[in-house]
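Visitor: The whole structure should be built from the sequences, with the hints applied where relevant.
Protein chains: 2
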Amino acid sequence: MREIVMRPIGVVRGGRSDPIDDGWDRVSCQIVLDPAQFSAEATAGLADFSHVEVIYFFNRVPDDEIQKGARHPRGRKDWPKVGIFAQRGKGRPNRVGITACRILSVDGLKISVQSLDAIDGTPVLDIKPVMTGFLPHGTIREPDWAREIMKQYW
Amino acid sequence: MREIVMRPIGVVRGGRSDPIDDGWDRVSCQIVLDPAQFSAEATAGLADFSHVEVIYFFNRVPDDEIQKGARHPRGRKDWPKVGIFAQRGKGRPNRVGITACRILSVDGLKISVQSLDAIDGTPVLDIKPVMTGFLPHGTIREPDWAREIMKQYW
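Heads up: the protein sequence lines correspond to chains A and B, in order. Its first residue numbered -10, the first sequence is counted upward by one per residue in our numbering. Its first residue numbered -10, the second sequence is counted upward by one per residue in our numbering.
No lab work stands behind these hints, which were simulated from the structure alone. Just so we're clear, the structure is a prediction, and the values are computed from it rather than from any experiment. Just to be clear, a hint being listed does not mean it is correct.
The list treats identical chains as interchangeable, and a pair is accepted whether it falls inside one copy or across any two copies.
[What the hints assert, rightly or not] Under the rule of at most 35 angstroms between Cα atoms (straight-line distance), these lysine-lysine pairs were calculated in the DSBU-like manner:
no.	residue 1	residue 2
1	Lys57	Lys140
2	Lys66	Lys99
3	Lys140	Lys70
4	Lys99	Lys70
5	Lys99	Lys140
Guide: As structure tokens, this is what we get:
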């Protein structure tokens, strides 16, 4: 399958400088779009949404930490060993992270957000507004470990 | 900002062969992971989730259809002109699509899903389980056009 080349649309500025597993709801930061590619038009109307989905790149994960098979989430042996596509850990093929976070303000190419779990300097690949019509349909089922892992996350 | 190279983890097989705006809930298809990269271990435990978030690449969108500024969603002049990052249309920088869809079954490298709005042959970049803890927090606010555009979508 052919390789795909992407160019970051911007970068995360502020917030945490080290990846920590928990407590992200206290963190606010800015997404700064690249002025070489975009003008303020690119974010027109974004402030009419309360939340934004941020697609970013885990640039600090080295090749040898990419998991292609199964592992215990966070190395927790008391949780089941599950495939990399059955968990959301950062050591994954293509290193893509996605998080829906609250918009605090939009000022041209600067978008201030709360609870984005990406650190200072993280390349951003895309931003999409959260629309209720795009939320998962029907009842969501998940295993117990998936609820436990999120207990302190925000 | 440095370019990022991704390798598709798999491809969409079946479903629609043409991009149509609406009626996606009736569509089911398979995500077939690349056997050169992965074994069945990669999806272990995925069937314990009801929904999966699929990150894919709009490979049929040509360069000259990529919008970097503002436009009317679907060309509808009765809706406001909004920035590309305030809408979810496919003609966007980096051509990334993200949809949460229902898992019908998981059989090794083949994941059958319902309501994935990607056509046959679409490269898949990542798959993440939908966890309730990762849904947007708090009340979601969105403009009227964002509700209207979704009326026939599923």
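Visitor: Now look at each hint and say whether the structure bears it out.
Guide: Hint check:
1. Lys57 <-> Lys140: within (26 angstroms within a copy, 38 angstroms between copies)
2. Lys66 <-> Lys99: Close across copies (27 angstroms), not inside one copy (41 angstroms); limit 35 angstroms.
3. Lys140 <-> Lys70: within (19 angstroms within a copy, 40 angstroms between copies)
4. Lys99 <-> Lys70: between (40 angstroms within a copy, 19 angstroms between copies)
5. Lys99 <-> Lys140: both (30 angstroms within a copy, 31 angstroms between copies)
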